[in-house]
Amino acid sequence: MKTQQQIDRTARDLDPEVHDSNFMGAKLKSERRYATLHRDYDDPDKLRETAGLIKQHTLEHLDTYLAQAEASFQRNGATVHFAVDDDAVNAKVLSIMNENNAKSVVKSKSMLTEETHMLKYLEENGKEVVETDLGEFILQIDNDHPSHIVTPIVHKNRRGIAKSFEREGLGDYNDDPETITRRARKHLRQKYIDADVGLTGGNFVSAESGRVVLVTNEGNARFCMAANKIHIAVIGIEKLVPTDRDLGLFLNLIGRSGTGQQLTVYNQFIAGPKSKDQPHGPEQTHIIFVDNRRTEVLASDCREILRCIRCGACLNVCPIYRQSGGHAYRSVYPGPVGAVLSPLLAGNRFPELADLPKASSLCGACNEVCPVNIPIPDLLLRLRDKAKREGAKVAMKGTPNLAMWATLCSQPTMWKTALSMGHTMNYIPTELVPHPSAKSWQGARKLPKFQGGEFRKWFKNRK
Amino acid sequence: MSSDREKIFSAIRAALDPLPTRTEKPEWEESLVVCKPSGQFDSLKAQFADKLAFASGRFYDSVEPLAEFLKAEQSTFGYCDPALAHLLDGVEGITFDTEYDESKINEYSFGITKGSAGIAESGTIMLKDGDTSARLGALAPWIHIAVIDEADIVPHIPAAIERFGDDPSIIFATGPSKTADVEGILIEGVHGPGIQVALVLS
Ligand code: SF4
Numbered sequence: 001m002k003t004q005q006q007i008d009r010t011a012r013d014l015d016p017e018v019h020d021s022n023f024m025g026a027k028l029k030s031e032r033r034y035a036t037l038h039r040d041y042d043d044p045d046k047l048r049e050t051a052g053l054i055k056q057h058t059l060e061h062l063d064t065y066l067a068q069a070e071a072s073f074q075r076n077g078a079t080v081h082f083a084v085d086d087d088a089v090n091a092k093v094l095s096i097m098n099e100n101n102a103k104s105v106v107k108s109k110s111m112l113t114e115e116t117h118m119l120k121y122l123e124e125n126g127k128e129v130v131e132t133d134l135g136e137f138i139l140q141i142d143n144d145h146p147s148h149i150v151t152p153i154v155h156k157n158r159r160g161i162a163k164s165f166e167r168e169g170l171g172d173y174n175d176d177p178e179t180i181t182r183r184a185r186k187h188l189r190q191k192y193i194d195a196d197v198g199l200t201g202g203n204f205v206s207a208e209s210g211r212v213v214l215v216t217n218e219g220n221a222r223f224c225m226a227a228n229k230i231h232i233a234v235i236g237i238e239k240l241v242p243t244d245r246d247l248g249l250f251l252n253l254i255g256r257s258g259t260g261q262q263l264t265v266y267n268q269f270i271a272g273p274k275s276k277d278q279p280h281g282p283e284q285t286h287i288i289f290v291d292n293r294r295t296e297v298l299a300s301d302c303r304e305i306l307r308c309i310r311c312g313a314c315l316n317v318c319p320i321y322r323q324s325g326g327h328a329y330r331s332v333y334p335g336p337v338g339a340v341l342s343p344l345l346a347g348n349r350f351p352e353l354a355d356l357p358k359a360s361s362l363c364g365a366c367n368e369v370c371p372v373n374i375p376i377p378d379l380l381l382r383l384r385d386k387a388k389r390e391g392a393k394v395a396m397k398g399t400p401n402l403a404m405w406a407t408l409c410s411q412p413t414m415w416k417t418a419l420s421m422g423h424t425m426n427y428i429p430t431e432l433v434p435h436p437s438a439k440s441w442q443g444a445r446k447l448p449k450f451q452g453g454e455f456r457k458w459f460k461n462r463k
Numbered sequence: 001m002s003s004d005r006e007k008i009f010s011a012i013r014a015a016l017d018p019l020p021t022r023t024e025k026p027e028w029e030e031s032l033v034v035c036k037p038s039g040q041f042d043s044l045k046a047q048f049a050d051k052l053a054f055a056s057g058r059f060y061d062s063v064e065p066l067a068e069f070l071k072a073e074q075s076t077f078g079y080c081d082p083a084l085a086h087l088l089d090g091v092e093g094i095t096f097d098t099e100y101d102e103s104k105i106n107e108y109s110f111g112i113t114k115g116s117a118g119i120a121e122s123g124t125i126m127l128k129d130g131d132t133s134a135r136l137g138a139l140a141p142w143i144h145i146a147v148i149d150e151a152d153i154v155p156h157i158p159a160a161i162e163r164f165g166d167d168p169s170i171i172f173a174t175g176p177s178k179t180a181d182v183e184g185i186l187i188e189g190v191h192g193p194g195i196q197v198a199l200v201l202s
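Chains B and C, in that order, are what the protein sequence lines are.
The first sequence: position 245 = 245 (the UniProt record's numbering), numbered continuously.
The second sequence: position 163 = 163 (the UniProt record's numbering), numbered continuously.
Derived from the structure by calculation, the hints contain no laboratory data.
It cannot be assumed that every hint is accurate.
[Stated by the list, open to error] Looking from chain C toward chain B, a few residues come up when the C-beta cut is under 10 Å (computed): (1) I8; (2) T21; (3) L32; (4) C35; (5) K51; (6) I119; (7) I185.
No experiment lies behind these values; they were computed from the predicted model shown.
For glycine and all other residues, C-beta sits at the position ideal for the given N, C-alpha and C.
Work out the full structure: start from the sequences and follow the hints.
Written as structure tokens, this is what we have:
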């Protein structure tokens with residue numbers, strides 16, 4: 001059958017090696033996650049529901065918490081900035097660098113800076129930017145982009161990585177993962193020391209105390225703010241939680257949901273510049289709170305998606321993501337979270353991504369694993385509806401016209417007649433089925449023998 | 001032209017205004033986030049040691065075996081917090097600086113710094129900026145040794161969070177630095193320590 005949706009086409013044409021990397025990489029993590037959460041808690045669902053409610057509460061009082069966070073950071077000696085869109089964030093980072101005569105940046109993983117294409121922007125403005133997360137570093141040298149929120153290079157295998165390292169002069173071809181990691185360690189170490197600025201995202205922000213929480217396994221975010229004098233954290237306004245105490249809940253969930261670890265190796269709580277007597281650490285801390293259409297999502301009927309803590313669990317468990325891989329989603333956020341968030345964040349480019357909400361079997365697995373209990377399948381349906389109402393062509397592609405079916409179902413007499421005549425279907429060859437959508441469906445599948453239509457007759461004669 | 005700050009705040013208010021009701025903040029008990037105990041431990045120290053091993057960290061409660069371990073690893077030159085220098089003074093074959101010299105970043109094979117607390121539930125070491133003599137000393141060497149007072153071992157994460165105070169930089173470290181970016185294969189020692197040690201002294 002002709003595959004008309006873009007995501008199906010990408011999945012079909014995927015290099016088998018890349019498909020296998022995606023499939024296995026995603027599958028392993030979702031299994032580990034189930035095991036840890038259920039091993040450690042009697043009632044893991046209560047934990048997820050509570051976390052979801054805390055986030056929902058924070059979003060629905062975001063003006064209050066954002067103002068509180070701003071005041072807390074200022075009290076701690078950090079400088080707080082606000083940026084409405086991608087251009088504003090990029091310009092802000094550049095101006096902080098220029099004011100301080102800074103030429104180079106070491107960057108830790110951040111999806112938000114992917115949204116704003118910050119790396120390219122800073123490079124075009126003469127700055128040296130080095131990604132320090134191993135996966136992101138590999139993407140940077142390959143001029144590629146992430147295909148997963150947590151494991152950005154899930155689509156790559158060791159042979160490809162070894163070739164890239166060889167090409168970049170990081171040693172002879174060697175595809176041993178340990179050797180690859182050691183080479184990156186050695187190379188990046190000097191970059192940390194030489195850089196002027198450490199640029200990070202933020203996983204959570206405590207409004208109460210003014211603390212950015214950074215969660216990494218590699219320790220690269222730590223290095224980004226041990227050897228440099230300026231720390232810039234670029235943070236989406238939805239990352240707030242009310243208190244430090246609430247962080248306990250989210251840190252327990254993010255490690256287990258992301259990678260199946262009880263806790264991610266490093267959880268950092270950054271309030272502001274280094275202590276007075278401490279020789280290492282930034283003397284300036286800049287917090288940039290970014291909107292970039294998050295307030296539009298907040299105003300929509302899909303605001304629950306802003307609870308997302310970017311754990312990647314929904315990607316790992318999603319049958320569509322496993323088959324198609326992250327690049328098929330053509331946007332920064334892939335998988336079920338991306339199918340909701342990306343079209344919303346696209347603003348007036350919504351029609352271009354309006355097919356993504358259709359890339360779901362609505363099996364509900366994403367909702368079941370989500371640590372903040374986001375009803376992703378419901379949100380996908382709302383977005384399908386929006387796409388239909390707005391006549392987004394890309395979402396309509398390949399969708400049969402069901403108007404005839406709808407009329408049939410809503411007219412009891414017609415429905416009854418159709419059922420009683422259903423048997424004729426058994427004798428009509430597929431080619432003669434009088435509707436193009438039914439024909440296209442039957443081109444790839446065989447209908448079972450029609451056996452219905454007798455129930456009403458039988459029921460009518462019952463005493 | 002209003003500032004970005006004003007634009008964002010007014011957009012948030014406009015988005016929230018039409019909501020007929022707003023979600024209340026749920027109350028939650030500490031027990032909700034405390035793990036089921038995995039085993040019987042007669043002290044927090046024993047639980048911490050067990051969990052640290054689970055996170056592939058190493059535990060010592062006296063200096064001698066630690067010194068032997070360092071020698072066996074051929075890790076005989078490093079950095080040590082001046083306040084902890086007495087621990088290694090007189091240990092033959094091990095030398096260290098008490099002032100962190102950035103130019104020796106590749107020479108220091110171990111770093112000894114004070115740990116502010118240990119979390120028994122997860123084998124986590126808590127490092128506070130105010131207690132640390134050098135951030136790089138705890139991060140750059142292959143082996144990091146956090147020296148923790150036994151009285152500073154707390155049962156779980158909420159208890160550690162209660163000790164935050166107004167410190168500008170706090171780190172929870174659970175085991176060595178690691179990655180599984182290459183084909184999901186776990187490799188320890190990416191940017192930070194490849195071996196994480198806790199030396200718990202009473
Ligand atoms: S939507 Fe839920 S499961 Fe998916 S990444 Fe976000 S928090 Fe994780």
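Looking back at the numbered hints, which does the structure fail to meet, lowest number first? none
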